[in-house]
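> Next come the chains, spelled out residue by residue.
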Amino acid sequence: MLMSTNAETRGTTTTWRRGREARDARIEAGSRLARGKVVEARDATRLMEAVVRPGDRVCLEGDNQKQADLLSSALLAVDPAKVNGLHMVQSGVVLPEHLDLFDRGVAKRLDYAYSGPQSARIARMLFGGKIELGAVHTYLELFARYFIDLTPHVALIAAVSADREGNLYTGPNTEDTPTVVEATAFKDGVVIAQVNEIVDRVPRVDIPADRVHFIVEAEKPFFVEPLFTRDPAAITEGQILTAMLAIKGIYAPYGVQRLNHGIGFSTAAIELLLPTYGEKLGLKGKIASHFALNPHPALIPAIESGWVQQIHSFGSEVGMDEYIRARSDIYFTGPDGSLRSNRAFCQTAGLYACDMFIGSTLQIDLQGNSSTVTTSRIAGFGGAPNMGADARGRRHPSEPWLKAGGEADPQGSALLRRGRKLVVQIGETFGDKNVPLFVEKLDAITLAEKLNLELAPIMIYGDDVTHIVTEEGVANLLLCRDAVEREQAIRGVAGYTEVGRGRDRNMVERLRQRDVIRRPEDLGINPLDADRSMLAARSIKDLVHWSGGLYAPPSKFRNW
Amino acid sequence: MTLDDILTCLFPDGHDVKNDNGVVAGSATLRSGAEALVIGVADKTALGVDEAIRLSGHVLDSFAQGRGPILVLVDSDSQRMSKRDELLGLNEFLAHLAKSLIYADMHHQPTIGILYGHSAAGALLATGLATRVLVGVPGATPAVMDLPSMAKVTKLSMEALQEKAKSTPVFAPGLSNLVQMGAVHVTWNDAVSLAEQLDALLANMPDAHDRRDALGRERGGRLKAAEIAERVRDLALHSH
Amino acid sequence: MEDFSFQHRARQRAGGTRQTAIIGVVASGNLEVLVERVLPDVECQLEIKTAAVGFGEVWNAVTADFVARYSPGGLKFSINDGGARPDTVSLRLAQAVRLIEEDGQ
Amino acid sequence: MTAPFKHAAQFPEGRASTTSFNEASARTRVALLLDAGSFVEFIGPEQREVSPHLKVFDLPEQFNDGIVVGRGRLDGAPVFVAAQEGRFMGGAFGEVHGAKLIGLLRAAREMVSIPVLILFDTGGVRLQEANAGELAIAEIMRAMMEARMAGVKVVGLIGGRSGCYGGGGLIAGCCSALAVSEPGRIAVSGPEVIETNRGVEEFDSRDRALVWRTMGGKNRRLLGAADVFTDDTIQGFRDAALELLGLVGAFDLDKLKAEQVRLADRLRSFGTCEDAVDIWTAEGVAHAESIPDLPADQFISLANKIGRTSRDAR
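Protein chains in written order, with the working numbering: chain A, 1 to 560; chain B, 1001 to 1240; chain C, 2001 to 2105; chain D, 3001 to 3314.
Since the hints were derived computationally from the structure, they do not count as laboratory data. The reader is advised that the hints may include incorrect statements.
Pairs of lysine to any residue residues, derived as SDA-like cross-links and limited to a Cα-Cα distance of at most 20 Å, are as follows [stated by the list, open to error]:
#, chain 1, residue 1, chain 2, residue 2
1, A, 433, C, 2013
2, A, 433, C, 2056
3, A, 433, D, 3058
4, D, 3055, B, 1168
5, A, 433, C, 2027
6, B, 1166, D, 3058
7, B, 1083, D, 3269
8, A, 556, D, 3192
9, A, 556, D, 3206
10, C, 2049, A, 434
11, C, 2049, D, 3059
12, B, 1155, D, 3057
13, B, 1083, D, 3206
14, B, 1166, B, 1149
15, B, 1083, D, 3268
Keep in mind the model is a prediction, meaning the values are calculated, not measured.
Let the hints inform the model, and build the full structure from the sequences given.
Structure, rendered in structure tokens:
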């Protein structure tokens, strides 16, 4: 017989409400510091000490973009004698405080998904044994585990505003909040929100009050980093060339309409070429109409030119609020007019409802495995693997999906054949400081060996990758029939890297005959035509003009 | 050397030169008995908009009062590196001061810069380097760019920079380097009366032609400048 | 800095009549290519000064492919390189050939 | 003497109107600014007159040392032109770079009738040859003022990516007139230098909106430091250059005195302002904080209404 660990026998009666009672006790302790649900910012640390218990699983919201910065400082300031050994379960390890918690002994164990700005320090702390690592996840994975075995006892979240009952308006950067609250509040956890302001009436209710137990008004708005703004002025001719190859060599033949873009400059170049090069190719209405995508400023010209029909977003982007509000036909907005993002839903959309993911990476090996890990940095996975993976549970057909499936398995029965998501790696053969994109052995493997990890941190597995695009051409891995062909197809677009120079020229030429590799000239593209004048916007200011003045870029991107 | 020291040495026959928070102005009697306008920057003061406009004012005022030479005494910091100065257009104030000195020099008021202390960057351009003859007083410490800043930008160690500085006068601070470049025309001998040396210079002023590039070539500090300028000039004059 | 010099036989003379052309700017990750029509018709020469040390093999491969593809006979290429990627180098070389083959002086 | 060098790419008609001055190379700027095909370069890249000093620092050279000088025609009339390449070592002045401009100005002084256009794009003195660069700037200022006193018109065009900083700002201050675009910046000390000296509280160099409203084209135009504000196209700068050449005259004492009055008045009027927005507010602009977002045409009419200029006062 299976014994429930939730049931506890006291004398002769069994109690099934141990979690509820513990939660009530925490709320009771915290309430002594609160007026209603409102706790003053100066009491935030005392609130932590009242509510959080040693060893708790705590979700300190840590998203990709927004940060509950006041609450992370408050938690960091607790007396480690009272609060210690916490198990942090949060998608983003972004602020220095997130790691300071481990240095102070407040936290001990970590399960996370993404650690961009802290990637070097997190690597050092893992080596130094400061952090007991659970696992590095993708967003959807971590969210899933919130409901199975990583359910938070306490969630410390961030919202734009709250009313006195505790209804929250999360604003355009809703991101992870609904997911975190769902998992916490409905499983006897305590939810504490920091808000930029307390108002009489919130613009819209993103989180109902009965899921929120305490509110702290912050002196300054929560921190949001503009992560998805790519200055068109920094786009190079090489990136324009790869973008042209992708549009003509992949978007067009597969007719890709539903897709997700990574955040690199190559995909920004694609976005900026749609209204110019794409228009010239007659592709408007045939490609790139439905996106799972943050509100990329670089997509503004395509939207304004009528290319895009609909975008669902993981988060928002600094400066895009007014533009989004004025383009509700395109974006998901609330009754108040502002963007409603939702990372869990958008990740799901990217996994199941998109026919293509295209993004860049730091390293690709001969099998097509790719990773953004270097030996000194562990940036985590974020969402790319959810986008850049074939969804084995997918059942609805679409033209690109079926076509890709057919290329992968031309002999199989059409009615039984699985389609394939197009998973495209795009990049230049050499990155910053002439570091090659293609390598024999990924740094991720070296790192896994050094850290004794059970799995190397692979961002996208080779068997999910369908195409690789570089300035040398497009490699279609779906058409490769064995591992040797696959390796030569990859070498064939690896240019002058060591991997590229090590190619079998004859075999690469044969692969080219079969369209496994398509060079710029095979696609009718002259590299000399890859010119910045082709970009629909060549500066941030141009984007502002395209938006009719609605886009308000953050100061660091301005030159006026 | 302090301002008082240099004034005493230069003008044994008297002067009414005042130092108002680093802005130096007044007149002085030369050995010849003639009067000279004296302006300058003292006490390693930074040259900002407030200082520059007063100095150019003194130069312009002197135009009405006769035709004596103008001596520019320099012991300054760099230009004042502040938000306010840049907001107000410091470049125009410094250029205006330089223009005033150049105009005077071209119109019968020969200008002599006397670099007796520190100076750098924009401050040096607007004062000493805007005169016809720039004199170096031993002990002067001009520094177009200081080595620590250079080390930061070039990512070279101080030691490496000092080593390189031995082989070329082209980048490192110091009076002797500026002499070699042709920027400083002459270094006075501090064992001899400065007043006498000034008198000798005034008696033998070169004409108002800028010959600093030729000087730099003669002294081996700037081997290309004069030749390149001359070649461009010739091409420009004969390309029609 | 590292210097390289490559001599190649070209299939044929580069088109056009222009004697010289220049393209590009020396900057981090960028380069300038000066091309001059000063060699016999079947010869091609490339003189390279690069800020990125240790890429001799890459330069060799890039320039060999370039000559095979464009046959720039009679041309001498002088390159000042600020550490450009091979694709940028290839692009600038191709741009230089296009420029000198244009009509003009 | 070596022959002049012609190598410019041929550009299609109308290209000047669609090409960003800010983005273009020095060579493209010159080719599109002047009458088509009219530019002749002096000491072109084939002469390989590179800096003799960069090899000491193991740094790459550029065949024209970061500046293109020569002659051409503007609406049929001859002009001398110098254009700095802001991407090569930040367009900084070195020995050879500076000497080319000096030679050009000396020739202009002798010709008198041929005006000089200077397309600035510079961070100031080139660190690796700081003494030579500083001195070159002093010589340029001297040569420019001598030329102007002889009657030569010198027009500065400022809209490059490296701005017009350091000694470049002083040279700009010596020009007969300036045209500036929104991305153009004019100052002596750069943002990072001010931040290093005064702290991030006084000047956050990463706050680009602050950098531009302090040093950028719009503030410079409103203060009267630049007389013409243009859109960021090469055609815009060509039109501005033509306009300014038609307006300016020889340099004389009256202009020098008028400049003293103009700058003293600026100090009196705005000397206590803490920020550009305070200056603009003091000028009577309602919602002065919105000036950075004003489109060019609206900004130009605002600037003209305020009417500050340095015409006949520089």
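> Are the Cα positions of residue 1166 of chain B and residue 3058 of chain D separated by 20 Å at most?
Answer holds: residue 1166 of chain B to residue 3058 of chain D is near 16 Å, not above 20 Å.
> For the pair we were handed, residue 433 of chain A and residue 2056 of chain C, check the Cα-Cα distance against 20 Å.
Holds. Residue 433 of chain A to residue 2056 of chain C sits at ~16 Å (cutoff 20 Å).
> When you check the alpha-carbon spacing of residue 433 of chain A and residue 2013 of chain C, does it fall within 20 Å?
violated (35 Å)
> Could you grab the alpha-carbon distance between residue 1083 of chain B and residue 3206 of chain D and see if it respects the 20 Å cut-off?
With a Cα-Cα distance of about 14 Å, the restraint between residue 1083 of chain B and residue 3206 of chain D holds, given a limit of 20 Å.
> Given the hint that residue 556 of chain A pairs with residue 3206 of chain D, does the C-alpha gap stay at or below 20 Å?
Holds, because 6 Å separates the two Cα atoms, which is no more than 20 Å.
> Would you mind confirming whether the straight-line C-alpha gap from residue 2049 of chain C to residue 434 of chain A stays at or under 20 Å?
Holds. Residue 2049 of chain C to residue 434 of chain A sits at ~16 Å (cutoff 20 Å).
> Check whether the Cα positions of residue 433 of chain A and residue 3058 of chain D lie no farther apart than 20 Å.
holds (17 Å)
> Taken at face value, is the distance from the CA of residue 3057 of chain D to the CA of residue 1155 of chain B at most 20 Å?
holds (11 Å)
> Assess, step by step, whether the Cα of residue 3055 of chain D is no farther than 20 Å from the Cα of residue 1168 of chain B, and give holds or violated.
holds (12 Å)
> Run the distance test for residue 433 of chain A versus residue 2027 of chain C: straight-line Cα separation, threshold 20 Å.
holds (13 Å)
> Given the proposed pairing of residue 1083 of chain B with residue 3268 of chain D, does the C-alpha separation stay at or below 20 Å?
holds (17 Å)
> Sort out whether residue 1149 of chain B lies within 20 Å of residue 1166 of chain B, counting only the CA atoms.
holds (18 Å)
In this structure, the one hint that does not hold is number 1.
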